[in-house]
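Q: So the protein sequences, as listed, match chains A and B.
If you use full-length UniProt numbering, the first sequence corresponds to residues 1 to 527, in order.
If you use full-length UniProt numbering, the second sequence corresponds to residues 1 to 123, in order.
None of these hints come from the bench; they were simulated from the model.
All values reported here derive from a predicted model rather than from experimental measurement.
Treat the hints loosely; a few may be bogus.
Label pairs and their calculated CB-CB ranges [unchecked claim]:
id, chain 1, residue 1, chain 2, residue 2, range
1, A, Ile510, B, Gln23, 31 to 39 Å
2, B, Lys112, A, Phe517, 30 to 38 Å
3, B, Asp49, A, Phe517, 22 to 30 Å
4, B, Ala121, A, Ile510, 53 to 61 Å
5, A, Glu508, B, Gly24, 32 to 40 Å
6, B, Ala117, A, Asp511, 50 to 58 Å
The following residues of chain A were derived to be distant from chain B, with all beta-carbon distances above 12 Å [said to hold, decoys possible]:
id, residue
7, Pro141
8, Cys146
9, Ala174
10, Tyr213
11, Phe247
12, Tyr280
13, Ala290
14, Asn340
15, Ala402
16, Pro440
17, Ala442
18, Gln522
Just so it is clear, CB atoms sit at the ideal spot from N, CA and C, and this is done for glycine as well.
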Amino acid sequence: MDNESQYSGYSYKSSHSRSSRKHRDRRDRHRSKSRDSSSRGDKSVTIQAPGEPLLDTESTRGDERDDNWGETTTVVTGTSEHSVSNEDLTRASKELEDSSPLECRRFAGPALSGALGLFALLTPLAFLLLPQLLWREQLEPCGVPCEGLYVSLAFKLLVLALSSWALFLRPPRATLPRLFVFRGLLMALLFLFVASYWLFYGVRVLEPRERDYRGIVGYAASLVDALLFIQYLALVLLEIRQLQPAFCLKVVRTTDGASRFYNVGHLSIQRAAVWVLDQYYSDFPVYNPALLNLPKSILSKKMSGFKVYSLGEENSTNNSTGQSRAMIAAAARRRDNSHNEYYYEEAEMERRIRKRKARLVVAVEEAFTHIKRLQEDEPAASSPKHPREVMDPREAAQAIFAPMARAMQKYLRTTRQQPYHSMESIIAHLQFCITHNMTPKAFLERYLTTGPTLQYQRENGRGRQWTLVSEEPVTSALRQGQVFSLRRLDFALVVTVTTLPFLNLGEEFIDPKSHKFVMRLQSETSV
Amino acid sequence: MSFVPGEPVTAVVQRIEIHKLRQGENLILGFSIGGGIDQDPGQNPFSEDKTDKGIYVTRVTPGGPAEVADLRMGDKIMQVNGWDMTMVTHDQARKRLTKKNEDVVRLLVTRKGLENAVRNAMM
Numbered sequence: 001m002d003n004e005s006q007y008s009g010y011s012y013k014s015s016h017s018r019s020s021r022k023h024r025d026r027r028d029r030h031r032s033k034s035r036d037s038s039s040r041g042d043k044s045v046t047i048q049a050p051g052e053p054l055l056d057t058e059s060t061r062g063d064e065r066d067d068n069w070g071e072t073t074t075v076v077t078g079t080s081e082h083s084v085s086n087e088d089l090t091r092a093s094k095e096l097e098d099s100s101p102l103e104c105r106r107f108a109g110p111a112l113s114g115a116l117g118l119f120a121l122l123t124p125l126a127f128l129l130l131p132q133l134l135w136r137e138q139l140e141p142c143g144v145p146c147e148g149l150y151v152s153l154a155f156k157l158l159v160l161a162l163s164s165w166a167l168f169l170r171p172p173r174a175t176l177p178r179l180f181v182f183r184g185l186l187m188a189l190l191f192l193f194v195a196s197y198w199l200f201y202g203v204r205v206l207e208p209r210e211r212d213y214r215g216i217v218g219y220a221a222s223l224v225d226a227l228l229f230i231q232y233l234a235l236v237l238l239e240i241r242q243l244q245p246a247f248c249l250k251v252v253r254t255t256d257g258a259s260r261f262y263n264v265g266h267l268s269i270q271r272a273a274v275w276v277l278d279q280y281y282s283d284f285p286v287y288n289p290a291l292l293n294l295p296k297s298i299l300s301k302k303m304s305g306f307k308v309y310s311l312g313e314e315n316s317t318n319n320s321t322g323q324s325r326a327m328i329a330a331a332a333r334r335r336d337n338s339h340n341e342y343y344y345e346e347a348e349m350e351r352r353i354r355k356r357k358a359r360l361v362v363a364v365e366e367a368f369t370h371i372k373r374l375q376e377d378e379p380a381a382s383s384p385k386h387p388r389e390v391m392d393p394r395e396a397a398q399a400i401f402a403p404m405a406r407a408m409q410k411y412l413r414t415t416r417q418q419p420y421h422s423m424e425s426i427i428a429h430l431q432f433c434i435t436h437n438m439t440p441k442a443f444l445e446r447y448l449t450t451g452p453t454l455q456y457q458r459e460n461g462r463g464r465q466w467t468l469v470s471e472e473p474v475t476s477a478l479r480q481g482q483v484f485s486l487r488r489l490d491f492a493l494v495v496t497v498t499t500l501p502f503l504n505l506g507e508e509f510i511d512p513k514s515h516k517f518v519m520r521l522q523s524e525t526s527v
Numbered sequence: 001m002s003f004v005p006g007e008p009v010t011a012v013v014q015r016i017e018i019h020k021l022r023q024g025e026n027l028i029l030g031f032s033i034g035g036g037i038d039q040d041p042g043q044n045p046f047s048e049d050k051t052d053k054g055i056y057v058t059r060v061t062p063g064g065p066a067e068v069a070d071l072r073m074g075d076k077i078m079q080v081n082g083w084d085m086t087m088v089t090h091d092q093a094r095k096r097l098t099k100k101n102e103d104v105v106r107l108l109v110t111r112k113g114l115e116n117a118v119r120n121a122m123m
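All chains should be modelled from the sequences, with the hints used to inform the complete structure.
A: In structure tokens, the structure reads:
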């Protein structure tokens, strides 16, 4: 198609001066003959994109193809030129495994505790109502003291209900692998309390048909007090205990080394894992697998030193070790130059990115000058000669997208971000920015800096699958020196625990009047 | 001219006798002094050791009695008429030099190069 040929030609000639291209060509020729033009990477890859120029699955396949120096290794990679794009496959499988099915197991625990709580709330009312319903005539009438108890009972029940709603009636955010110890403890305690109260009630009140109604009301009031204290205990154990920081967690992502430090309080390992994941989604830059590979020129040079052909004979083991040692020694000597290559390759990559970024910024700024917001009091048709059509944000976005499309595509491709931004998403973001009167810089913020992972998540109620890997039981409390990791399909987060140091705070009082100064003297007297 | 606290100071000195000149009411000597134990020794441009708090000659007026008597800029004054000048305040030094009832002041001064000159002369 017209686009592609134009594109590849342009990119090959554009961003590099003639001399550097010649130099690079010369360098290329020095390499082994098995290197074909695909080793040049994104400069000369021919894109057979059938449809929209921005859905660049083919280009990433091109990059992966470069790593697949097939004929010099015995390792079988998953990519070949005739397969379905590997990127598509992994993306599809990732989607399947990303969303855990909407299981009922997720809601089983909270539903149970909710039912128990409701039962506990209704118990005092039942205690009050049952005698009235069953043996009303035999009850002794009780006047003012009972009414006072009624009022206090009503308010305490109201407070209980409101605070339960505020604190506990929230959708669960994570399913923990093991029992959540404190919550289990509290449920057991609550159940024990309510059960024992019912038992006592059944034996001492229902059986003999107790006639002292004031005593029954007092009994119900004491149950409500006990429930309030249990709720206080729940508040402290579940919410407040972990607020005071006690440990520092260092979280490192295994693939690219992005790391953060967090302060947490006393938690069990599984709760700390949930907390870390909450922070991960909003703090860590998104994991981009395309950014991990060393430039192919470096890798190939290093790797070509390690060509070891296994001869398949047992008595040649000595030979092979000697041979491998010789290989390694030769490679070690040859490795002296690869840091040089790496440095220059990195410098050039940076220069390329900056150039494309400059083009992108200019293109976007120009595009934004093409539209402006229609003021309320301006007449829609200013003159019959130049009728200005009034557009809604979506159409305006589509109108100004065309001039910046190419620059945007090139920039995204250089920074390997193109899997994260489809054309549709760019237009939607543009529409969003236009609606909120954002400047071009604000529009570009999303593409120039890698955002946190949360920015790239699709709206999904299904949740993410993480595996907690730990050498100690996950319900044990955090301790100094523990290490656990949170694993996902293609990367993991390794968390190390250290205690925060004990602080010895001393005091020194400075009298505000003690701040006095003198000039340094240097006088000269003539005599 | 290095000074070790607690040890006696030894230096090669030159005797300089200045006759004060009467100008109106005042008896002037024709030079300026700087330094003293209450001053900042780091700012002294003439001292070798920047912790030296002695009295130094900072300026000599041309044609004055001090220049006639061969006092030079940068000289450190060790004694004035028998009074010690190595551990005095700036004001005390000024007073010792400007006593109204004295017409002549006999200074012991030391400077860089005196020691070398003496040694060369002795060899």
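Q: Are the hints correct? Go through all of them and say.
A: Hints, one by one, checked against the model:
At about 52 Å, the CB distance of Ile510 (chain A) to Gln23 (chain B) disagrees with the hint of 31 to 39 Å. A hinted range of 30 to 38 Å for the beta carbons of Lys112 (chain B) and Phe517 (chain A) is consistent with their spacing of about 35 Å. As the Cβ distance of Asp49 (chain B) to Phe517 (chain A) is approximately 27 Å, the hint placing it in 22 to 30 Å holds. The beta-carbon spacing between Ala121 (chain B) and Ile510 (chain A), approximately 60 Å, falls within the hinted interval of 53 to 61 Å.
A beta carbon spacing of about 58 Å between Glu508 (chain A) and Gly24 (chain B) contradicts the range 32 to 40 Å that was offered as a hint. Separated by about 56 Å at the C-beta atoms, Ala117 (chain B) and Asp511 (chain A) satisfy the suggested range of 50 to 58 Å. Every CB of chain B lies more than 12 Å from the CB of Pro141 (chain A), the least distance being 98 Å, so the non-interface label holds. With a closest Cβ-Cβ approach of about 90 Å to chain B, Cys146 (chain A) is found to remain outside the 12 Å limit, as its non-interface label requires.
Every beta carbon of chain B lies more than 12 Å from that of Ala174 (chain A), the smallest distance being close to 66 Å; the non-interface claim holds. No beta-carbon of chain B is positioned within 12 Å of the beta-carbon of Tyr213 (chain A); the least distance is around 94 Å. For Phe247 (chain A), the shortest C-beta to C-beta distance to chain B comes to about 51 Å, beyond the 12 Å cut-off, and the non-interface label holds. With a least beta-carbon separation of about 57 Å from chain B, Tyr280 (chain A) lies farther than 12 Å from that chain, consistent with its non-interface assignment.
For Ala290 (chain A), the requirement that its beta carbon stay farther than 12 Å from each beta carbon of chain B is met, with the minimum near 61 Å. Listed as outside the interface, Asn340 (chain A) is consistent with that label: its C-beta sits roughly 50 Å from the nearest C-beta of chain B, beyond the 12 Å cut-off. A cut-off of 12 Å between C-beta atoms confirms that Ala402 (chain A) is not in contact with chain B; the least separation is 71 Å. At the 12 Å boundary, the C-beta of Pro440 (chain A) stays outside the reach of chain B, the nearest C-beta of that chain being 57 Å off.
The beta carbon of Ala442 (chain A) sits about 55 Å from the closest Cβ of chain B, which is more than 12 Å, so the claim that it is off the interface holds. With a least beta-carbon separation of about 5 Å from chain B, Gln522 (chain A) fails to lie farther than 12 Å from that chain, contradicting its non-interface assignment.
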